[in-house]
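A.B. asks: Letter by letter, the chains look like this.
Protein chains: 2
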Amino acid sequence: MIKFDMKNSLLEKEKFKSISKFLKSYLENIKKQNQGFHAVIDDQKTIKSIENFSQKFKGKFSHIVVLAIGGSALGTICLQQSLKHLYENELKSGKFPKLHVLDNIDPALIQAIEDIIDYKKTLFIVVTKSGTTPETLAQYFYFRSKTDAKKLDPKKHFVFITDPKKGLLREIANKEKIPSFEVPENVGGRFSVLTPVGLLPASLIGINIKKLITGAKKMRQKFLSKSTEENLPFQLAAIQYSLNKKGKTITVLMPYSQKLIRLADWYRQLLAESIGKKLDNQGKAVNVGLTPVNALGVTDQHSQLQLYNEGPNDKLIIFIETLKNGPTLKIPLPKNSDSDINFLKNTTFNKLFQVEKIATEQVLTANNRPNITIQIDQVNEESLGELFMLFEGSIAFLGEFFNINAYDQPGVELSKVLTKKMLSAKIN
Amino acid sequence: MIKFDMKNSLLEKEKFKSISKFLKSYLENIKKQNQGFHAVIDDQKTIKSIENFSQKFKGKFSHIVVLAIGGSALGTICLQQSLKHLYENELKSGKFPKLHVLDNIDPALIQAIEDIIDYKKTLFIVVTKSGTTPETLAQYFYFRSKTDAKKLDPKKHFVFITDPKKGLLREIANKEKIPSFEVPENVGGRFSVLTPVGLLPASLIGINIKKLITGAKKMRQKFLSKSTEENLPFQLAAIQYSLNKKGKTITVLMPYSQKLIRLADWYRQLLAESIGKKLDNQGKAVNVGLTPVNALGVTDQHSQLQLYNEGPNDKLIIFIETLKNGPTLKIPLPKNSDSDINFLKNTTFNKLFQVEKIATEQVLTANNRPNITIQIDQVNEESLGELFMLFEGSIAFLGEFFNINAYDQPGVELSKVLTKKMLSAKIN
Numbered sequence: 001m002i003k004f005d006m007k008n009s010l011l012e013k014e015k016f017k018s019i020s021k022f023l024k025s026y027l028e029n030i031k032k033q034n035q036g037f038h039a040v041i042d043d044q045k046t047i048k049s050i051e052n053f054s055q056k057f058k059g060k061f062s063h064i065v066v067l068a069i070g071g072s073a074l075g076t077i078c079l080q081q082s083l084k085h086l087y088e089n090e091l092k093s094g095k096f097p098k099l100h101v102l103d104n105i106d107p108a109l110i111q112a113i114e115d116i117i118d119y120k121k122t123l124f125i126v127v128t129k130s131g132t133t134p135e136t137l138a139q140y141f142y143f144r145s146k147t148d149a150k151k152l153d154p155k156k157h158f159v160f161i162t163d164p165k166k167g168l169l170r171e172i173a174n175k176e177k178i179p180s181f182e183v184p185e186n187v188g189g190r191f192s193v194l195t196p197v198g199l200l201p202a203s204l205i206g207i208n209i210k211k212l213i214t215g216a217k218k219m220r221q222k223f224l225s226k227s228t229e230e231n232l233p234f235q236l237a238a239i240q241y242s243l244n245k246k247g248k249t250i251t252v253l254m255p256y257s258q259k260l261i262r263l264a265d266w267y268r269q270l271l272a273e274s275i276g277k278k279l280d281n282q283g284k285a286v287n288v289g290l291t292p293v294n295a296l297g298v299t300d301q302h303s304q305l306q307l308y309n310e311g312p313n314d315k316l317i318i319f320i321e322t323l324k325n326g327p328t329l330k331i332p333l334p335k336n337s338d339s340d341i342n343f344l345k346n347t348t349f350n351k352l353f354q355v356e357k358i359a360t361e362q363v364l365t366a367n368n369r370p371n372i373t374i375q376i377d378q379v380n381e382e383s384l385g386e387l388f389m390l391f392e393g394s395i396a397f398l399g400e401f402f403n404i405n406a407y408d409q410p411g412v413e414l415s416k417v418l419t420k421k422m423l424s425a426k427i428n
Numbered sequence: 001m002i003k004f005d006m007k008n009s010l011l012e013k014e015k016f017k018s019i020s021k022f023l024k025s026y027l028e029n030i031k032k033q034n035q036g037f038h039a040v041i042d043d044q045k046t047i048k049s050i051e052n053f054s055q056k057f058k059g060k061f062s063h064i065v066v067l068a069i070g071g072s073a074l075g076t077i078c079l080q081q082s083l084k085h086l087y088e089n090e091l092k093s094g095k096f097p098k099l100h101v102l103d104n105i106d107p108a109l110i111q112a113i114e115d116i117i118d119y120k121k122t123l124f125i126v127v128t129k130s131g132t133t134p135e136t137l138a139q140y141f142y143f144r145s146k147t148d149a150k151k152l153d154p155k156k157h158f159v160f161i162t163d164p165k166k167g168l169l170r171e172i173a174n175k176e177k178i179p180s181f182e183v184p185e186n187v188g189g190r191f192s193v194l195t196p197v198g199l200l201p202a203s204l205i206g207i208n209i210k211k212l213i214t215g216a217k218k219m220r221q222k223f224l225s226k227s228t229e230e231n232l233p234f235q236l237a238a239i240q241y242s243l244n245k246k247g248k249t250i251t252v253l254m255p256y257s258q259k260l261i262r263l264a265d266w267y268r269q270l271l272a273e274s275i276g277k278k279l280d281n282q283g284k285a286v287n288v289g290l291t292p293v294n295a296l297g298v299t300d301q302h303s304q305l306q307l308y309n310e311g312p313n314d315k316l317i318i319f320i321e322t323l324k325n326g327p328t329l330k331i332p333l334p335k336n337s338d339s340d341i342n343f344l345k346n347t348t349f350n351k352l353f354q355v356e357k358i359a360t361e362q363v364l365t366a367n368n369r370p371n372i373t374i375q376i377d378q379v380n381e382e383s384l385g386e387l388f389m390l391f392e393g394s395i396a397f398l399g400e401f402f403n404i405n406a407y408d409q410p411g412v413e414l415s416k417v418l419t420k421k422m423l424s425a426k427i428n
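Top to bottom, those sequences are chains A and B. Using the working numbering, the first residue of the first sequence is number 1, and each one after it goes up by one. Using the working numbering, the first residue of the second sequence is number 1, and each one after it goes up by one.
Just to be clear, a hint being listed does not mean it is correct.
One copy or two, it doesn't matter: identical chains are merged, so the pair holds either way.
Lysine to any residue pairs mimicking SDA-like chemistry, simulated, CA-CA at most 25 Å apart [as the list claims (entries may be wrong)]:
#, residue 1, residue 2
1, Lys120, Ser93
2, Lys58, Glu90
3, Lys56, Asn281
4, Lys151, Pro332
Since the hints were derived computationally from the structure, they do not count as laboratory data.
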């Protein structure tokens, strides 16, 4: 159950009403675009085959290494952080394989992972939607040469997640009969967390992917609703857009939950790549975009809050509040304790955590800094599925508001071309 | 050895020259302020006593848990990430204790740490400059009640780092003879990484703190230089300030080094809290500030670069380039490989990593997006010491440029008061 609290958005009600009239036409446009992120969660067959795969390999691996970058990596990182033990990989009696996502090509990182895995007990999940991402392919060649040298069967140590037909990875899968899953053609990398890209690694480390889908479906119902009251993704987008017009160019996502710290990283890509665009739908240069900033409550009260309260008034802060954070833990004050800390008497970490969020919210509001709160019961599979769909849906609406294509990324092509050119020049 | 490359800052030379004339007077002001961050590195006695302490406890602990938040935590997190193995806590044959920094009060986090530590073999380092930070004190009371229940000697399982005289933590240290170190009065929390706050945990996990200091001293010499050519901290501040006047309100710190990913978090606090201010030195409301954004190369090319290239032109991007990243690792292309990936032939991860940085830089520049590069040989104690002092020094100059107090944080007081009020109301 997700609830919105928008009382501190500092938007005039009339403004919000006047913008609400766009819901129906935007929704029609979105449906016409035939983007798969909201349809893919109906794919029962794939979910079944993921569950079969992870059942089949249960207990066989000590480590899973995901070779992926950007949208192929961030959802998985978020799923692990949100739904597993906060120190999962350091637990002695881990029931599930230890998962690591290698989302960089720094040689220091590649060397480091080799120090902690046992190749014989490691499964590599290679994820690239296009099947051509050079960073991920380079990693694949590297680890494949290692398993080959150790005479390990690639069919048992690799699984690919890539395009159904195109790309080098699909070719290799076909030729060498390496197990593989598909990213549907009409689901972009940054929208792919609820496809095998996120679901396969999640399932392999014991996350209940059916419940993730249940949550996502609940939110999809809201996303497709023509009622402004019900359509939370529309509400979120409408607030972000309206405030952007008033100079709030930065969106801070600040969950009060250690488990959700990586959700903000996932959202950073979604918002930055989808809405940061030079051209509008008519080809006019507009250079729009919202700059995403990740923050964490209460931690970043001691790092970023000074700026949010007193610096330039250019931010919308989105809090995520969880009603239940772990067990109830008392703060055991010593007897005869100092009067300065008397306020901590008879209280709990849970209460302190909650009260600090409220205080932060009140002060921001008093300083005329817009903020909204997304409230969830607790961090679990279902609420995370809801959050994924909430944010993905809001991006679709933001694309409409800004009149841009939210699904491409033309601004990163040139550096890819340059990279190829520079490396090729070295060869010839 | 740190080098600057400012050719892509897109600042006119005349502009930079005209601003250079302020160096001498700003430097005089800074010296008058008597801030300790650049003097504290001469404190040989403290360094010696830290080394003695860690020598004394060598081999005695399996885990070190740092109870701290904000400036008391971020430097330590950065030191560990930058200078230890990237999967240090998952290595089987760890020579040093496993270090964890508990910089949040989420009950889920506090519960989680208990699942991986053995109290009998754990040292708690409690860090609060003021000695009154409620989050850290609450954590201390919690873990202290646990060790008391287990009849463990607090003098052997706790060490405090706090104000020399004031505050509850200092009182407890005096009363119970708990070992303690001092944060000099004139060193603010966010400037304290080169005091016991950062140095003690670093030394306990085997980091050479003398070399950190050596690096910091090298950069201090530049920081105190009256030559604009030599004074890198001044150059950095001058660029940030001049570009801010041209609408670049966001500073992105983007190291191309997995080891430096947490340096950007440390810098986020330093920049946000120091420069995000409502009032200038004359008490006039100015609401200045630079919003820090953390990014990582090449990872965030696949997440943030689209926005940086095509979105609003409101950012300065600071790259950190390291000439040596781990070992040389070849990319072993399969025979007869696809022509699409031919450019990866006869190359290394090191080369690809470097070339992608150059390509990113060139495209940003072509899009008229200012960027500068800080180049270091490799990530080690000395270069990290240099980087800490570079950024701290640049903040001192930014304070002068913006004509604000870079060392206070008045904007977070009210939420602290409100928190106390709300919790006290519950009691009465």
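A.B. asks: Look at each hint and say if it fits the structure.
C.D. replies: The hints, checked one at a time:
With identical chains, the CA atoms of Lys120 and Ser93 are at most 25 Å apart both within one copy (20 Å) and between copies (19 Å). In this assembly of identical chains, Lys58 and Glu90 lie within 25 Å of each other by CA distance both inside one copy and across copies; the values are 20 Å within and 22 Å between. Neither within a single protomer nor between protomers do Lys56 and Asn281 lie at most 25 Å apart by alpha-carbon distance, with minima of 47 Å and 67 Å respectively. Proximity of Lys151 and Pro332 under a CA criterion of 25 Å is satisfied inter-copy only: 16 Å between copies versus 57 Å inside one chain copy.
Checked against the numbered hints above, the structure violates only hint 3.
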